[in-house]
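K.L.:
Chains A and B, in that order, are what the protein sequence lines are. According to my numbering, the first sequence is numbered sequentially starting from 1. According to my numbering, the second sequence is numbered sequentially starting from 1.
Just so you know, the hints here were simulated from the structure itself, not pulled from any lab data. Glycine residues also receive a C-beta, built at the ideal position from the N, C-alpha and C atoms. Any given hint could be a false lead.
[Stated by the list, open to error] One side only, chain B facing chain A, incomplete, derived with CB under 7 Å:
1. 2
2. 5
3. 8
4. 160
5. 303
6. 304
7. 305
8. 400
9. 405
[Stated by the list, open to error] Here are some of the chain B residues that sit facing chain A, going by a computed Cβ distance under 10 Å:
10. 121
11. 223
12. 300
13. 302
14. 307
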Amino acid sequence: MSTVYSVKELKKDYQVGEVTTHALRGVDLEIQQGEFTAIAGPSGSGKSTLLHLMGALDHPSSGEVWLNDTRIDQLSKSQSARLRLWNIGFVFQAYNLIPVLTALENAAFVLELRGIAKNRRETVAREALAALGMSEYADRRPNQLSGGQQQRVAVARALAADPKIILADEPTANLDSETGHTLIELMQHLNEEHGVTFVFSTHDPRLLDQVKRIVRLEDGRVTGEETPLSA
Amino acid sequence: MVTLAWRNLWRQRRRSMITSGAVGAVVFLSLLYYGMGGASINNMYQSLTEATGHIQVHVPDYRDVREFRALLIKDAASVEETLQSGAGPGEVMGVLAVPGLLSGEDRSRGIIAVGQDLPTSLRNRFLEKNLIGGRLLEEGDLEGILLGAALARALEVELGDDVYIYAPGTEGFGAAAYQVVGLLDLLDPNFESRSAYLSLAAAQELAAPGAVTHFEIHFPELRLLKEDSTALTRRDTLQAALPNYSVESWRDLNPSLVQLLDAFGPMMNVVNIIFFILAGLLVVNTVYLSLMERIHEFGVIISLGAAGRNIVRMITLESVLLCTTGAAIGTVLGLLLLAYWSQNGLSIPGLEEYYASFGLKPIFYPSVKPHQVLFSVGFAIATGILAALWPANVASRLEPVEAMRFTA
Ligand SMILES: Nc1ncnc2c1ncn2[C@@H]1O[C@H](COP(=O)(O)OP(=O)(O)OP(=O)(O)O)[C@@H](O)[C@H]1O
Ligand SMILES: [Mg+2]
Numbered sequence: 001m002s003t004v005y006s007v008k009e010l011k012k013d014y015q016v017g018e019v020t021t022h023a024l025r026g027v028d029l030e031i032q033q034g035e036f037t038a039i040a041g042p043s044g045s046g047k048s049t050l051l052h053l054m055g056a057l058d059h060p061s062s063g064e065v066w067l068n069d070t071r072i073d074q075l076s077k078s079q080s081a082r083l084r085l086w087n088i089g090f091v092f093q094a095y096n097l098i099p100v101l102t103a104l105e106n107a108a109f110v111l112e113l114r115g116i117a118k119n120r121r122e123t124v125a126r127e128a129l130a131a132l133g134m135s136e137y138a139d140r141r142p143n144q145l146s147g148g149q150q151q152r153v154a155v156a157r158a159l160a161a162d163p164k165i166i167l168a169d170e171p172t173a174n175l176d177s178e179t180g181h182t183l184i185e186l187m188q189h190l191n192e193e194h195g196v197t198f199v200f201s202t203h204d205p206r207l208l209d210q211v212k213r214i215v216r217l218e219d220g221r222v223t224g225e226e227t228p229l230s231a
Numbered sequence: 001m002v003t004l005a006w007r008n009l010w011r012q013r014r015r016s017m018i019t020s021g022a023v024g025a026v027v028f029l030s031l032l033y034y035g036m037g038g039a040s041i042n043n044m045y046q047s048l049t050e051a052t053g054h055i056q057v058h059v060p061d062y063r064d065v066r067e068f069r070a071l072l073i074k075d076a077a078s079v080e081e082t083l084q085s086g087a088g089p090g091e092v093m094g095v096l097a098v099p100g101l102l103s104g105e106d107r108s109r110g111i112i113a114v115g116q117d118l119p120t121s122l123r124n125r126f127l128e129k130n131l132i133g134g135r136l137l138e139e140g141d142l143e144g145i146l147l148g149a150a151l152a153r154a155l156e157v158e159l160g161d162d163v164y165i166y167a168p169g170t171e172g173f174g175a176a177a178y179q180v181v182g183l184l185d186l187l188d189p190n191f192e193s194r195s196a197y198l199s200l201a202a203a204q205e206l207a208a209p210g211a212v213t214h215f216e217i218h219f220p221e222l223r224l225l226k227e228d229s230t231a232l233t234r235r236d237t238l239q240a241a242l243p244n245y246s247v248e249s250w251r252d253l254n255p256s257l258v259q260l261l262d263a264f265g266p267m268m269n270v271v272n273i274i275f276f277i278l279a280g281l282l283v284v285n286t287v288y289l290s291l292m293e294r295i296h297e298f299g300v301i302i303s304l305g306a307a308g309r310n311i312v313r314m315i316t317l318e319s320v321l322l323c324t325t326g327a328a329i330g331t332v333l334g335l336l337l338l339a340y341w342s343q344n345g346l347s348i349p350g351l352e353e354y355y356a357s358f359g360l361k362p363i364f365y366p367s368v369k370p371h372q373v374l375f376s377v378g379f380a381i382a383t384g385i386l387a388a389l390w391p392a393n394v395a396s397r398l399e400p401v402e403a404m405r406f407t408a
């Protein structure tokens, strides 16, 4: 197993007026190739902040983030855009999709940004939709899909781009717990069958019973780590 | 990407349609404006050159000369010969303008009696444009006279009546009787009430045998202002051939109208540019609003790895699409209307008298040139690009995390 991510002493402060919020107070974390990791913690614990920094969407106050052998915490805007385009998949909480595009076009969107020809990218996007059981909804617009279906399309979009890692920030937050569970199971399935490396965050403990690795985050610090299924 | 841009425009259908419609209206208006303007310019050019000829030959400094005799070109025959050989396709016409007193049964008026034999092409134009009763004069006619209709009314004479001209102090008979054979509508009422026309022979017999006051050279095939340079070069050649005379072009003869004419093209461009700027502001507003509504969406797109230039391209594409759709509709409608008018002519009731006072024909045959269509459409596209610059720039600088926190 090789190390995909390596996060060292990561700190992030937000300054709003006089008040400084220490969103991350020194986080160390390693993610191995093929892992399925949940970042669990209550609201405000810094999950989103951590995932944003891992996705090169923001700059930390101090510390380092390494993706494979590249340090990615101090990249310029265009460098980080290129990094995300070619290496990192994202799934967000909600409203992930472009409303005027169909499920298929959404799933193909990252490939389109990469400049891949229409035929090729639609073939790949169809496969990704199929892997998430969304084939029959390929031509629907997001507003014609349920919340769970929308999130599956968002995962399909990340999957189609075949990234080194998929980061999902509370992908189930807007779903009822059963649908949320199904989504996590699907992601887990992709992880096992296709070897896709996932990191997702959640504040819902009920989603964690199947997860191989849980990292507990509280108040900007890693407070524990469990690997319940490895026992 | 085009599909994406197109569908995004449909999201706010009404707003897009209004904006696009505004651009279309501007393109439409600018085409009409060019069409009418082009027609006016050529119309004015034609009227001016018909009235004065493209070139006139006088004695030097004739404008300052008060006395009739000093205005005369006495060796008219030899000057005419030189002009004939140098005029190329131009038609040379000698004119003798005699100031005199015209009397009817019991009224008189001071007039200018113009003696000239119109060449065929001008004669036909004169016939259809100006003659409202009777007939024109034949060359060498010593009896007939044409009167401006207003002049005839002032003298209370009609077709077939006799009139008398007194031209004292001249070199001919100085007085003669004529019969009114035709009445003329000369557009300008002022001019119409003091104009009478004789044949050149009759005028010479009356006032100056063998002489003329000036020559006019007409180029009947020159109808468009842009072809006028041929006439101007002729003028230079003829002036060189006749160093003892003043050879002037129609531009020298109508300096104030020429100024107006020359300002017309640039003025049309300025007005059009202002229209496009106004439409452009509306487009900026629309593009900007649609950006504001989609900040979250742009946040997602940037997170997925879109570079600044991708965002710029998306927004510019929407803006250009918005403008070109409008421009296409405006162009089609504008050209259809112009095509109709150029077949059937367009007369504007309120403007007729106004134009007549400049000696212009009140019916237009609008024409647009391909480059003016390109100019309008090009402007619409440029408007689209310029209008997108600022919103696109703002969008490409969005911080993804911040943008995604927005609304949603
Ligand atoms: N842009 C910001 N400006 C100021 N404070 C911020 C900003 N973003 C996050 N914070 C603060 O940083 C802390 C961590 O926020 P973060 O969003 O990472 O938590 P989270 O674990 O994702 O919470 P949630 O489960 O509610 O999404 C919180 O106290 C939050 O208020
Ligand atoms: Mg969060």
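K.L.:
If you test the structure against every hint from before, which numbers come out violated?
P.N.:
1, 2, 4, 9, 10 and 11
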